[in-house]
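*Asks:* Can you build the whole structure from these sequences, using the hints too?
Residue numbers (this note's numbering), protein chains in the order written: chain A, 241 to 756; chain B, 676 to 1263; chain C, 92 to 381.
By construction, these hints were calculated from the structure, which means they are not laboratory data.
Because the structure is a prediction, the values reported are computed rather than measured.
All C-beta atoms in this analysis are idealised placements derived from N, C-alpha and C, irrespective of residue type, glycine included.
A portion of the hints provided could be inaccurate.
Said to hold, decoys possible - Listed below are several chain C residues computed to face chain B (Cβ distance under 10 Å; list not exhaustive): (1) R280; (2) G283; (3) R292; (4) G297; (5) V299; (6) L303.
To be verified - Residues of chain C clear of chain A, computed beta-carbon distances all greater than 12 Å: (7) A135; (8) G153; (9) G162; (10) R171; (11) A193; (12) G210; (13) A216; (14) P274; (15) R289.
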Amino acid sequence: MPRRPLSSLAALLAAGLLVGACSSSTTSSGTSSTSSKDTLKLAYLSDMSTPDPDVFYDIEGNTVILSAYEGLVKYKPDSTEIIPSLAKSWDISPDKLTYTFHLQDGVKFHDGTPFDSAAVKTEFERRLAVAAAPAYMLMPVATMATPDPSTFVVTLKSVVGPFMDYMASSWGPKMISPKALADNAGSDNAQTWLKEHADGTGPLMLTAFNRGQQYEMARFDGYWGAKAKFAKVDIRIVPDMGTQRLQLQSGDLDVILHSFPVAELPSVQGNANLAVKDFSSFLQSLLYVNTNKAPFSDPAMRKAVAGAIDRDALVKEVYGAYGAPAGSPYAPGILDQSLAPASYPSSSAKVPGAGPISLVYTADESGVQRRLAELIQQKLTAAGFTPELKEVQLPQVYEYVNDVKAAPDLLLMTNTPDAAHPDTWSRILWGSKGGLNFLGYSNPAVDQLLDQGAQAADKAASDAAYGQAGRLLVDDGAILFIANAKDVMVMAKDLTGVEHVPNYPWALNLGALGRG
Amino acid sequence: MTVVLQSDVAATTAHSSVLCLRDLAVTFPGGVRALRGVSLDVAPGEIVGLVGESGSGKTVLGLAALGLVAPTATLSGTARLGDTDMVAAGAEQRRLARRRLAGAVFQDPMTSLNPTMTVGRQVAEAAGSMDAAVELLERARVPEPRRRARQYPHQLSGGLRQRVMIAMAIAGGPALVVADEPTTALDVTVQAEILRLLSDLRAETATSILFVTHDLAVAATIADRIVVLYGGRLAEVGPTEAVLGNPDHPYTAALLASRLQPDSVRGRPLATLPGEPPDPRAHPPGCPFAPRCGLAEGACDAEVPEPTAAPRHSGLVACRRAGDGGTAGRGWLHTDDAFPGAAPAGRSPALRLCGLSKSFGSRRGRRLVVDDLFLQVPEGGAVALVGESGCGKTTTLRMAVGLDKPDAGTVELGSGGRPQLVFQDAGASLTPWLTVGELLDERLRAEGVVARRRPARIADALGLVGLPPETARRKPGALSGGQRQRASIARAVVVPPAFLACDEPISALDVSLAATVLNLLGRLRAELGMALLFVTHDLAAARFVADRVAVMLDGAIVEEGPADDVLSAPVHEHTRALVAAIPTLASN
Amino acid sequence: MAIAEPVVLGGVGRPRWAAASRWSGMGRVERGGIAILGLTTVIAVAAPLLAPHAPTLPVHAGSFVSPGRGGLLGTDDLSRDVLSRVLYGIRASWLSALVVIASGVLIGGVIGLVAGATGGWVDSALMRFTDLFLALPGPVLAIAVVAALGPSLPHTLLAVGIVWWPWYARIVRGEVRAQAVRPHVDAARLAGVGRTRRAVRHLLPGAVPAVLVTASLDVGNLVLTLAALSFIGLGSPPPSPELGAMAARGMPYLLGHPWIPLAPAVAVFVLAFAANLAGDGIRDLLETTS
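*Replies:* Put into structure tokens, the structure is as follows:
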């Protein structure tokens, strides 16, 4: 009798379950290990969406963008301080509308084209023309001027508090060779070409982009600053964390950049060749509560959930040393924690009126989200709810806001702000029109405070307004702030020059990284 | 123990026999003792007829001679083929010995021939070349051997396939050919031809033949020497004429007595053997035949008799009473009382077939199987429909009882219940997962007999066919072949039908069983007043059972008349051929 | 060589009396499979009694406790007792497989019997209908059903059941057709047995051995299929203890805390292996008897 297709799948999966993790350890050493000293070997769990900096708006891929391209400014390692990059200095007019950037000299793009103010203007114009998600950062721009090749002046329509942070963001404007843009313009501002190529000023050049397999980068010897220490960087697509771990242990991989299961970290710490490094980040795990339908249209029920999940114990269990209960809606470093405190006293009492609810979480390879969600399910069950748990992929989450009545009651996610500025967090997360306001929370008072913060004359007033907005939100219980997570990487011990920026999650400064 | 066999042929030909069995015993897993110490020699150029009922061990003996017994079996003794002991030798040695010295023909050539190869290639594999193969086919009297060699087994008739098997068996000039029931599945005329062929081949090539059969008459036709097996032991061995004329073993005598002959007296039941053949798992401690033997005395049950010189012929017999001179007497054999006077055939017909036609086939081509057939069975009368396979007799029968619809013509049934049919394979006609009681009950139910009266009716019917009432609780698988045949007859007569059709009811049965069934049918017909339509290829059986015989050829009746007339003075050429082909004990 | 060897060389054919030795005739491995399967059935029925803890609730020992130190198989990342979850998982797998097979046998049996016993255009129509379902890609259908109705065990079983019954319809139909040309059916017709009764009493039981063999071999297949679907997230939603899902969500811990994914995976393996062995054993058993 012919066997069913189902069962062959079953056999495959069952076999994979048992041997999959063991069989792939030695298969793909390949060419990269020939000059292993000089090559940095990295892995991505999945392809980056695109290496085009004006379209790219994800976290996976930060390493490629940040080493192939540079912006005008950047953040200092382990800090939110903005430091020079392609702009060696800048002036801001007293009305906070005009920004004048004084550019570095002697900078060349990978194709040899010299970098100048015209290139900045070209990039700004392209970003607006492409009009992808990160274009919002330049929407407030009124005019641009290039009085001389090393000066770039931009004037805003209105005051934008986080403008300099936008410039420093990993998703902010990155300089692309104007010659490459012109040569490969096509009909879409060179978007097609930039899907597989890069031409920036960064310390590494993208030399190969094989989607689904491997990206290759090579040292840019014409780099204006300190040259990269590695001659080559290989980034392989290894979609399975177990495989990445085995490759790391066998030396086929130098760094696991993210999603290493926290619970498994102790097993690595005994390995003499590996080091676990954790860095502060702005990653925050959040529990969105759907305020648009019963039972959580009732603020009392939202409060009950906050008490029932026993957040502090939960965070300790899941994150251990690599996360802490979120003390505020804003990550430390973005806003003074005391301006908007968030704490949820735990309560073990049954919640009156608790019934069936839906609890959705986004899939992640590390298992952290799933574990958090299942523990929350346990706690809520104990409180009398009957939570139905469902894992979804990220794109699905963006659909919820279109029909909030059909959206889940609770949504668990981990997010990070676009830049180290409270506006880039609060406005997208809980502003009425925020891009990550998935369950359609809306509070006019909050919106008003956010606008107030963005246009405030000084930082203190601005921070006060953002803080006030955060307090309102915490009181409303529309988003429960679970944990500030650390960026945890496992890497070969002999790596040197490890530089990490809190606002650039899952990324290291590859230009500074060296071996031995 | 060494037994020196002194048959005429063996003594005159050579000391070095082709096949030499000594104390051969074969036991299958589960304690099935198929052979229990058999010694036998086959001389060069000799034809030995190995006769016995199913379960007597005759087939196993043939396979053991070839070294082909299933490896799960336990063998002891010796079976020397040429100079190779087929018991002790390894598989490869046995294969070589077979290749060099032996050939085999089995009952069903379809299971031995490869359906995906032309018969020519298959023979050529044995013969070495295609030319040699064609020559062998010619010697096996395959007409148009070159054309036939290019055909596949399924394109050949049963007789031709058997000739192909014979051609393969004689390839390489074997010293011994084992032929296991090679003619049982064939029509009588074809059977006669095959027997003649084997006999001629022996004459041409001096090949010895071990001819295994259940039919004494067939063995008598061809064999120089007869070996009778019973219960895995030798019962009697001797020259054919001597054994048939002066049997010294009561079992041989009984077989001869129950054999239906063209001259058996009609209306008088055949002699039958009581009881059943022994269960090969539990042979009686003494003589295996003792439980059925009318001459048995106490000592017969205690000790297994060894073959000793036969008193009345030059062979051997294994019977304590052989010397007493009484073994040939048939008085102890079971004989029913004469059938009560059969109801005279009435005037109104129980069955009338008028202009019956039936064809089968697909759109590509239809084959006319029954062609404008007329036949009448009077009320209470018995008609035998005789013909060879493929003549349309079974189709006629199926239309008569309403299982098939005729394309043209009418089937008229007289008054009385639904017509019934006794199938050729009684075992297959009983639903295997239902008990005999349930099967009979169904029929009573369909006839409207109320539930509480059915058990008594079932017991009555079983009694009528000679089965104990507890048979009702048995499933067909737990019954012997004879019991199954009786059970199927019981179902047919539990509500006596006005008309009973029988489709070759004895062709698959051993001789002693066949006699029992014929007797039973004769008695039931007389007691219940049923009309009988009896389909058979066996003219002797036809004459014994029926008042009138109709001979069928190519879908039509070619001769019809009173049974005795048709057999004694056949008019149609085909009838004459059929009569001539009947193997008889006297024909050797 | 001059001897074309016949198919049956035993000489005695398949004697009735061989039935007594059919247990001993079955291989030791097959008997082992049947024994394990029997044990599994006991576990499936008695899981609530055997499990030391509730399968969905945390135990005191805490999370990631290795086997032996807190419960026989340790605890998982949510402080749940792995042994209890595996026991409940076996129960779920087992009962699910039986439900799919039972529904397959029932639906397929009815359709196969009607088609086989009736013949003609009814047979053709029913078999084309069956083919239609056979052509459905099982996993895709399962995903579609689950996507449409939401992930839950009944929905998965429904999807698998939809692609599973046609095999039984075909087997039953084939066996019934084979029985229909046998003399005992003609004999029943002559005995005056009606069409329905003939189908049920004289045809259907003939399909039982083939269905039994298929069903017993299918158990292992189904355990694997359902585990695979559960592995890719098409089973009961969490926290239900399902072997496939347990293995899937334990995968991140494979290297550091291997018992979490391996315990359910080994249970699936043992279950499927034992079921296949037992299936072979049952086939041997039925083939020697018939």
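*Asks:* Against which earlier hints does the structure fall short, listed by number upward?
*Replies:* 6, 8 and 10
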